[in-house]
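Protein chains in written order, with our numbering: chain G, -18 to 336; chain F, 5 to 294; chain Y, 437 to 835.
The hints are simulated quantities; they were obtained by calculation from the structure and are not laboratory data.
Please note that the accuracy of each hint is not assured.
[What the hints assert, rightly or not] With a straight-line cut-off of 25 Å between C-alpha atoms, the simulated DMTMM-like cross-links for lysine to aspartate or glutamate are:
hint, chain 1, residue 1, chain 2, residue 2
1, Y, K556, G, E76
2, G, K146, Y, E529
3, Y, K466, G, D274
4, F, K128, Y, E707
5, Y, K532, Y, E511
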Amino acid sequence: MSRGTGSPYLKTTYPSDAALLGTPVRRFWLAVFGLAALGFPLVGTPVLMDLLCRTAVAVVGAHALNLVTGYAGQVSLGHAGLMAAGAFTAGILTEELGAPFWLALPAAVLVGALFGVVVGIPSLRLRGLYLALSTLALHFVILYLASEYQSGRGFATGLLVPRPKVGPWTLAGATAWYYALGGVATLTTLFCLNLARTRPGRAWMAIRDRDVAAASMGVNVAAWKVLAFVVSSALTAFGGGLWAYYLGFVSVEAFSFFLTVEYIAMVVIGGLGSVLGAILGATFVTVLPYAVDAIVNLVPVPDRVHTHLFAVKFAAFGLLMAVFLILEPRGLVSVWSRVRTYFDLWPFRYHPLKG
Amino acid sequence: MQLLANTLALASIYILLAVGYVVVYRASRVLNLAHGELMMLAGYAFFGLVSATPGHPLWAVPAALVVSFLAGVGVYATLVRPMAGHPLFSAVLVTVSLGILLRGLVLLGWTADILYPLAVSGYKNVPWPLPGGAVLTTIDLLSILMAVTVLLALWGFFARSRLGIQMRAAAENPLLAAQRGVNIHLVFSLSWGISTFVAGVAAILYASKVRLDPEIGVIGLRAFPVALVGGLDSLAGVAPAGLAIALLENLAIRYVSPLLSDVVPFLALLVMLFVRPWGLFGTKEEIERV
Amino acid sequence: MAGTFRVLAWLAFMALLVISTPALAQEPYKVGITAAITGPAAVEYAARVETFRAYMSKVNSEGGINGHPIQLGYEDDRGEPARAATNAKKLVEQDKVVLLVNTSVSATYKPVMATVTEAKTPLLFGGGVCPQEVFPPANPLMFCTTSFAAQIDSDFAVRFMKEASKDKVRLGTATMDIPIARIGIDAAEAVGRKIGIEIVGRVTMPPGTADFTPFSSKLKDAGANWVFAWSPWSFEIGPYEALLNLGWQGNYMLYGHQQPIDAAYPRLNRENLYALVGASILAEGLPELKAMQEIAAKHGASRLDVEGGVAAVAVHEALKACGWPCSREKLQGAMSGLSITVKGVKGGPIQWSRDNHFRTEQWYKVYRWDSARQRAVTAKEWTKVDVAEKLKELREIIK
Chain G
-18 MSRGTGSPYL
-8 KTTYPSDAAL
2 LGTPVRRFWL
12 AVFGLAALGF
22 PLVGTPVLMD
32 LLCRTAVAVV
42 GAHALNLVTG
52 YAGQVSLGHA
62 GLMAAGAFTA
72 GILTEELGAP
82 FWLALPAAVL
92 VGALFGVVVG
102 IPSLRLRGLY
112 LALSTLALHF
122 VILYLASEYQ
132 SGRGFATGLL
142 VPRPKVGPWT
152 LAGATAWYYA
162 LGGVATLTTL
172 FCLNLARTRP
182 GRAWMAIRDR
192 DVAAASMGVN
202 VAAWKVLAFV
212 VSSALTAFGG
222 GLWAYYLGFV
232 SVEAFSFFLT
242 VEYIAMVVIG
252 GLGSVLGAIL
262 GATFVTVLPY
272 AVDAIVNLVP
282 VPDRVHTHLF
292 AVKFAAFGLL
302 MAVFLILEPR
312 GLVSVWSRVR
322 TYFDLWPFRY
332 HPLKG
Chain F
5 MQLLANTLAL
15 ASIYILLAVG
25 YVVVYRASRV
35 LNLAHGELMM
45 LAGYAFFGLV
55 SATPGHPLWA
65 VPAALVVSFL
75 AGVGVYATLV
85 RPMAGHPLFS
95 AVLVTVSLGI
105 LLRGLVLLGW
115 TADILYPLAV
125 SGYKNVPWPL
135 PGGAVLTTID
145 LLSILMAVTV
155 LLALWGFFAR
165 SRLGIQMRAA
175 AENPLLAAQR
185 GVNIHLVFSL
195 SWGISTFVAG
205 VAAILYASKV
215 RLDPEIGVIG
225 LRAFPVALVG
235 GLDSLAGVAP
245 AGLAIALLEN
255 LAIRYVSPLL
265 SDVVPFLALL
275 VMLFVRPWGL
285 FGTKEEIERV
Chain Y
437 MAGTFRVLAW
447 LAFMALLVIS
457 TPALAQEPYK
467 VGITAAITGP
477 AAVEYAARVE
487 TFRAYMSKVN
497 SEGGINGHPI
507 QLGYEDDRGE
517 PARAATNAKK
527 LVEQDKVVLL
537 VNTSVSATYK
547 PVMATVTEAK
557 TPLLFGGGVC
567 PQEVFPPANP
577 LMFCTTSFAA
587 QIDSDFAVRF
597 MKEASKDKVR
607 LGTATMDIPI
617 ARIGIDAAEA
627 VGRKIGIEIV
637 GRVTMPPGTA
647 DFTPFSSKLK
657 DAGANWVFAW
667 SPWSFEIGPY
677 EALLNLGWQG
687 NYMLYGHQQP
697 IDAAYPRLNR
707 ENLYALVGAS
717 ILAEGLPELK
727 AMQEIAAKHG
737 ASRLDVEGGV
747 AAVAVHEALK
757 ACGWPCSREK
767 LQGAMSGLSI
777 TVKGVKGGPI
787 QWSRDNHFRT
797 EQWYKVYRWD
807 SARQRAVTAK
817 EWTKVDVAEK
827 LKELREIIK
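This is chain G alone, in the form it adopts within the complex (with noise of 0.2 Å):
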């Protein structure tokens, strides 16, 4: 049996079509790509190192919503407020009994869970922007919450959240945080890989295509939604609270309603429905301020009127997403779509089989 072609036309069983690294070329290349992760702590500077912690729990954070709306075709705007749970769960717990991590975290995968189906059930009779809107209730909810807790306790700028400890071990320094994150980060994605390509999947993009057409096949439309909604809340906590971890705090001024308009920016930034296009994604906008910065930062000006560049860098970085949407409105994904497709059919312009 032919294996290990990159073309479709040439795969002749459902498991070789399903393969996650279908071809020796993929491997070759994941190989080097992985190498180079794990050697980057050798070269990279503590604000780089900072960057890619960062971007790992963005890309847990855009997994789970890339799950729900991406996939399942179901807009959330309560993702800010999902992940704020999270942090808070984790951070509560640490401040008022002094839970270790391994309890506090799966606290607030929980408690996510529990709000999934909370947001899950008004799916079941809302649709589009008037279901976005009442995920957009649950975030204010939550926050009031937050809001009420931390005032009533009196913690006027946040609670710190210590360092997670296994016995003497305690998870501290840029190195140790890059490995811990890259490898959660690493497993979500195999997570959400596999939740893709097999049955929840197929059951989400199916409702997300045509849910009559879905149930007519068999699917059973609301216990699917339900779950896509409780699997992605369940998993934006857990990047809530791996957040607070790895800042070290959590606070309710940091969960505004922006942090979910940056989600979404990533997942479409990235391409929806897509598991690569969520990590490029997060990849992008959490690392593209930062570029802007230190391209402007090139630019010589005299230090009279350096704190001008910051309204600079502030509305460059608007302009810069703005015409990459124009330009790419279906994401990074489709741009490297386009280059695979290009080099797939090299010397060709098109598909020679097409016909």
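Since chain G is already given, all that's left is putting chains F and Y on it; use the hints.
Quick look at chains F and Y alone, frame taken from chain G:
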């Protein structure tokens, strides 16, 4: 009585802003999340013009409105038109990016300091006692007047004028309208212009009454539930929805908890979603489209 | 041809000379600042950073400190905690600053604290509200020069109202819904009740508030004859102007952030607006502030913000006391016993001790506007508050 007066004043600003969402949505089916920032831009244009022409503050009003109108047309031509046919999410995100860009530009031009155009103009916002012991200021009365005028003018425009009827046709079915000789792009850019023009009216009134800074754009988001409760594609729904939400907000502040005031519009929206998801006067099948 | 070559060689030599001049100069003191220069909070903080920067370039133009210039690395955090964390890591771990300054919203404090604690770098809060960590018992690394502090400001304000009014004070309070402001207003109400003030109403306004009138009319109808506000500026002045528009005649007290209150006094021209301050304002016409304004203007700051100036003076003094070479540890030690005097601007010195990095004594002054003379006048002269004692007392009252 004061409660009713406050409701009218707040509702008039909400109405002026919600009209913009509705007009743009009808034309290009895009939720313009930069509406608040476009309003802010008009406020700064007003401030700039007032400062530039000392002694003639009244000239600054129409001039700022023209600038605001042109800004709307410009946004349509450069940002919205290229997004036609692309995923709606991307189009909405483009407006978010525009909002960020505008904030950056305003910071660059005017710094983040709070400005008071009315103080520069030399006019004063004076309180007027009304029957029943309530008080409203000059600007409040002007806002109410403007809200009524704008609604009536738009109603007349859409119901009577040739261009208005073309706009309604284009909103209903762009393809058919285009085939019947309606210049779609002219009509759509006009819609954006009208939207920002009315936002400009709101901006001038708000900046004169409260303040002008790069953050006033957030009140654009507060008018958003008004547009939805009224029905995103319905101009008729804007006035009752604006009044209802302003009233609920005032009641919540007065009798329940001031903290609830920013949640109340969304609660009203939620109730509306369960009862009549398409809004007070919206079209039923619209919910399928968004 | 040869002539051209010689000219080019000369040019290259000159260019080399120009480039290498800074390297020939003394090694600098590295100071980092993370601030809300853009974003929603820029209204409050942008002017502070500009004044801070202007003062630093003045110090450098006069030859620096102990012959060494100050190299200021500044980063914009937009008031976002995650950005502030990255900025702190960049400045502390990559640029190796000896001192980090935070001039931003309280939400950015905790992540910055986490970074400086790991790297044992002194952290100065200059312009944002003073956090719990600088009050006794203070965190050894954290210091604060900002003139306002939620709880003791409220305590002083409430006591002033009682003292200044002949009738019984019926107090209404207005605050923005952020934790630090709510804690301040809680203190105001607790102290008020204790000293026999009637608390008639309280409005907590969500951050997205568009119209202040409904909140203000609630306070007016509750029968408040005094209103106290302690919040970011827009949420202090907004309810006041709405009260004026409603025809309210009572007295209003707020914390007077220098830059905006200076703009507000002549614009409003009302006599019932009292400003509690920990630093003087320009409207009083003091020569020391005029001088500070001139320095700021000369070094490219379009406007003066006193808090930024005070923070800059503190950094200057701290580095002077640290001497050369200045390590983080040495600087922390030097700052722990430092006394900073900003003549004319503050009522007394900012004196730090081993366990008090706020200041051992806090000085307050109250202004009001004199519309006949068109300038701010003193309603209560500089008054000293012993911080340790006051905190003990407040703990009793609030409990």
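Query raised in the report: Which hint numbers doesn't this structure obey?
Result: none
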